[in-house]
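Peer 1: In case you want the letters, here they are:
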Amino acid sequence: MAHQVSHSAGAHAGSHAGEVHPEVGHVVPIKYLVGAGAALLVLTVITVAVRYIDLGEANLALALAIAVVKATIVALIFMHLRWDRPFNLLVLIGSIVFVGIMLAFSAMDVHQNSATMFNGNPPEAETVMQANAPGAPVAQFRSTNGGVGDTN
Amino acid sequence: MTTIQLPSPGALPDTIEGRPASDNYLTHTRGILSWIFTLDHKRIGVMYMWSVLGAFLLGGTFALLLRTELLTPGPTITDSADTYNQWFTLHGAIMVFLVIIPSIPAALGNIILPIMLGAKDVAFPRLNLFSYYLWVTGAVLCVVSLAMGGFDTGWTFYTPYSTTTTAGGVIPVLTAAFVLGFSSIFTGLNFIVTVHKLRPPGMTWFRMPLFLWAIYATAIIQVLATPVLGITLLLLIVERTVNIGIFNPSMGGDPVLYQHFFWFYSHPAVYIMILPAMGIISEIIAINSHRAIFGYRLIAFSSIAIAFFSFIVWGHHMFTSGQSALMNTLFSAISFSVAIPSAVKVFNWIATLYKGSVSLTTPMWYALSFLFLFTIGGLTGLHLATLSTDVHLHDTYFVVAHFHYVMMGSALIGMIGGLHHWWPKIFGRMYDERLGTIACWIIFIGFNVTFFTQFMLGSQGMPRRYYDYQPEFQVYHVISTIGSYIMAVGFTLTAISLFGSFFNGKKAPANPWGGRSLEWQCASPPPFDNFAKAPRVGDCYDFSVVHWDPKLGGYRVDESNDPEVNPAAQGTKAAH
Amino acid sequence: MSQTIANTHTTHADQAHGHDDHAHGHDPHVAHHFDSMAQQFDSAKLGIWLFLATEILFFGGLFVAYAILRMRNPEVFSYASHYLDTIMGGINTCVLILSSLTMALAVRCAQTNRRGGLIVCLVLTFMGAIGFLVIKYFEYTHKFHDNLVWGSSFYVPPHDAEGHAEAMALKTAPVAATAIVVKDPTLFAIPDLAAKPAVDVSAVKSASVGPSGMARANGTPAPEQAAAPAPGKLEEAHPGTHLEDTKLPPNTHLFFAIYYCMTGLHGIHVVAGMGIIAWLTWRAVRGDFSSKNFTAVDTGGLYWHIVDLIWIFLFPLFYLIH
Chain Y
1 MAHQVSHSAG AHAGSHAGEV HPEVGHVVPI KYLVGAGAAL LVLTVITVAV
51 RYIDLGEANL ALALAIAVVK ATIVALIFMH LRWDRPFNLL VLIGSIVFVG
101 IMLAFSAMDV HQNSATMFNG NPPEAETVMQ ANAPGAPVAQ FRSTNGGVGD
151 TN
Chain R
1001 MTTIQLPSPG ALPDTIEGRP ASDNYLTHTR GILSWIFTLD HKRIGVMYMW
1051 SVLGAFLLGG TFALLLRTEL LTPGPTITDS ADTYNQWFTL HGAIMVFLVI
1101 IPSIPAALGN IILPIMLGAK DVAFPRLNLF SYYLWVTGAV LCVVSLAMGG
1151 FDTGWTFYTP YSTTTTAGGV IPVLTAAFVL GFSSIFTGLN FIVTVHKLRP
1201 PGMTWFRMPL FLWAIYATAI IQVLATPVLG ITLLLLIVER TVNIGIFNPS
1251 MGGDPVLYQH FFWFYSHPAV YIMILPAMGI ISEIIAINSH RAIFGYRLIA
1301 FSSIAIAFFS FIVWGHHMFT SGQSALMNTL FSAISFSVAI PSAVKVFNWI
1351 ATLYKGSVSL TTPMWYALSF LFLFTIGGLT GLHLATLSTD VHLHDTYFVV
1401 AHFHYVMMGS ALIGMIGGLH HWWPKIFGRM YDERLGTIAC WIIFIGFNVT
1451 FFTQFMLGSQ GMPRRYYDYQ PEFQVYHVIS TIGSYIMAVG FTLTAISLFG
1501 SFFNGKKAPA NPWGGRSLEW QCASPPPFDN FAKAPRVGDC YDFSVVHWDP
1551 KLGGYRVDES NDPEVNPAAQ GTKAAH
Chain S
2001 MSQTIANTHT THADQAHGHD DHAHGHDPHV AHHFDSMAQQ FDSAKLGIWL
2051 FLATEILFFG GLFVAYAILR MRNPEVFSYA SHYLDTIMGG INTCVLILSS
2101 LTMALAVRCA QTNRRGGLIV CLVLTFMGAI GFLVIKYFEY THKFHDNLVW
2151 GSSFYVPPHD AEGHAEAMAL KTAPVAATAI VVKDPTLFAI PDLAAKPAVD
2201 VSAVKSASVG PSGMARANGT PAPEQAAAPA PGKLEEAHPG THLEDTKLPP
2251 NTHLFFAIYY CMTGLHGIHV VAGMGIIAWL TWRAVRGDFS SKNFTAVDTG
2301 GLYWHIVDLI WIFLFPLFYL IH
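Sequence order for the protein chains is Y, R and S.
With the working numbering, letter number 87 in the first sequence gets 87, and the count goes up by one each step, no holes.
With the working numbering, letter number 63 in the second sequence gets 1063, and the count goes up by one each step, no holes.
With the working numbering, letter number 187 in the third sequence gets 2187, and the count goes up by one each step, no holes.
FYI, nobody ran anything at the bench for these hints, they're computed from the structure.
Quick caveat: nothing in here was measured; it's all calculated off a predicted structure.
Check before you lean on any hint, since a few could be wrong.
Examples of chain S residues toward chain Y, derived with CB under 10 angstroms [claimed, not checked]: (1) Leu2050; (2) Gln2111; (3) His2269; (4) Phe2294.
Note that the Cβ used here is the ideal one computed from N, Cα and C, for glycine as well.
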């Protein structure tokens, strides 16, 4: 399938006068590499800064969005995917999609068993706490699950 | 221009492709070291084959012990229910991880895939050998776990039992499954790259034999699903050693999460087992019907479809694990849809048989057994995908019977069929066909006696994995046990017919069945690097050019009328 | 593992082949079963990408576990995240990004026949890996010192003088001795506690998973009773540790369990990456690499980038929870 695509087609993008060109693969220009590195550092600073601003639910979404942008930069520039065979990109995206499938189905039911889960600290943790830290605040009740499990 | 030199009619040639006819991959180099460090895909495949067959013998022995124990209610040959638990766990773990998963892809696939494709080897020969030694490591760890006190968790290692049981061998067997998983991943990875990158000119995707499509689909599952098993087992090992609590309800963890993880791998794993068998059946049926396979593209695409569907049905193993009604309904519906690509295959095989000139060779008998057994196994799967019936049938012998029809009646029968199909190619010897056919019939009868009875047992409420049972079930258990003995006889006869070929089998021709794909155009056994030059690739299901040649004692591909080979023949072939 | 993939092109020399008829004119860097350099290079690239896909699914399982635990216990994650050092995590992120950059430059040097540059870049990448692990080491030891660990040990007071004395006192108390549920004594960091008699955890497991989830094993008090410690006791407790924090949400140990699992597995990958970089450096010094033969640097580099890529997600998921 990919046999027809010629590698050399994309190789000239990295041309510099007097530079050796490999028969296969693609030489990424230095400005791309350094630019990508700088962008990643800047995004790291931004994502740390955003942590201290309260955006509610959006905090997680924003942090993940920045992480996705950073990952894309790494994949496309550092990992050559921008110039590589498309099938390799498909492999990367495919693997992420399958993680997504696993997450979607497993997470769908996340509150299904809440009624049968322990409120407060689980027994094994609690016995240890009781034994070792008598002053510790054991077994606080979760208010978030609306007392579903509080059937006793 | 043809690059395959047809043997001159008359006498067997002294040289094939410029080297002595006696030089093949078995005789190319000698000595035990030349096998241990071999990078040749055929030798690695042969080592896999013997290892897998050895593990099959072991797993089968445990199966016979189980069935014997169940002859009578209460103690029969052991008074310890714990011992019984260890037996069925071992039987399951060995058969799944050591036998069925590597049987077709790693053993037969390794031997046949590159030759069928027209390549000299798989893409990464060292990785291939490494994956074989990972298999060996896994097998050794299984034995170590036995020495350390065995394990009684069932092959599914469900938490929290697996993290709390006092059996000493749990961690070694978890490590074994982890290592075997990576062996499987590397095999799959190798095959994907081989199929993508090592096809010779002319071998387009839609000229690939269906066995290759099946192995390719399997490899996708191996690469995408098996890592999840790896991380699951790793978490389980950590859970058991340092009690992190992620799967442990008494630590606030979630045991159902373990089941999600486990079945995210283990449901696709079921298709790792069955898809390659389907590929073998496609080959056997087409070749022995001497007729182009019906619906080539549909069968090819259905393999890919099954591979994809396999990832989104795992919840049907968890209908009784407290899933929500929505999840149960979704998983049930998607599970039903797997029936579509499976049925596409079965109908296409039957359509291929229709009006074909069927040769009832031993592999063909296995293929026909497969058709019956897979249909029963597949259709009873629908009972289990139906929510309401599953609540009744869950964890009963009905489930046991269902997955044995698929795992053993289909995957293993397919594997044995493939072994008979390619045995002359691999070892260059013909086995006793009459004995092979009789053995196939005995296995078929024994199998049905064993497992059809279990459908009845299960629907009447006999739970699986129980050491003891109510006396009213005894008659079924006795019949089932007798069936397993019949099967044991059948497998013994199979072994005699195959091994006998080494002693009194006649020399196999290059093409004993009338195949058209590339492996039949290479000598039996194949030369060391398969093809000195890239072979010419034709339509692998066009049997009109395959002719019986009594002088060879086998079939011969005569492409002289093909305009691609012989431009002078343009006129005669134009009608096609 | 990626070594095995990257190394296939050296197969050629390993075995005597009987194929002289076609070996002439074969590039010495191309293994016997490949027709051309391009075919071999493409195969190696596809192979390593498939391996990286398995790595993503391998970590993917942990990411799913993280997501499930976080959905179940959102308060735990926003609470416990503050025990992690954002500055150290941020510095580590930068260190990994820079080492990724030097790795990418190393590939470029190999492609363009710059042997000196290749060695320098590989050494810098290796230094980055060491720097990452050193910072990680300081983070881990700090947490171990505060007993911010996984499992039951999370609920043992930190190993300071006061807590130690308390643990000693408890050791002699008969009630405490029987109440402790220990499957494996070694899971306790404190040797004194390890000496306590172990109680089979299976007893807890079977009895405690009732339909309402409230049944307790061994007559342990139900959470309602345990929930109200005497007010005086809180003031006696040593300030500054997580156990004295009245806002400590239940199940906080799960955050640290998944934290150690994910960063630990990532750390193992960093160590493996160091092995690969060291091997590449050795071969670079030997002069193996050139514009005709750089596949090993390229594939090893891809592995190193995926390690960086996973950390890019781990960092916000653990350190940056508001």
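Peer 1: None of the hints should be skipped; say for each whether it holds.
Peer 2: Hints, one by one, checked against the model:
1. A cut of 10 angstroms between beta carbons decides the hint on Leu2050 of chain S: the least distance to chain Y is about 6 angstroms, and the hint holds.
2. Here the hint on Gln2111 of chain S is kept, as its CB sits about 5 angstroms from the closest CB of chain Y, short of 10 angstroms.
3. For His2269 of chain S, the interface hint is violated, since its Cβ never comes within 10 angstroms of a Cβ in chain Y; the closest pair sits about 15 angstroms apart.
4. For the restraint placing Phe2294 of chain S at the interface with chain Y, the shortest Cβ-Cβ distance is roughly 7 angstroms, inside the 10 angstroms limit, so the hint holds.
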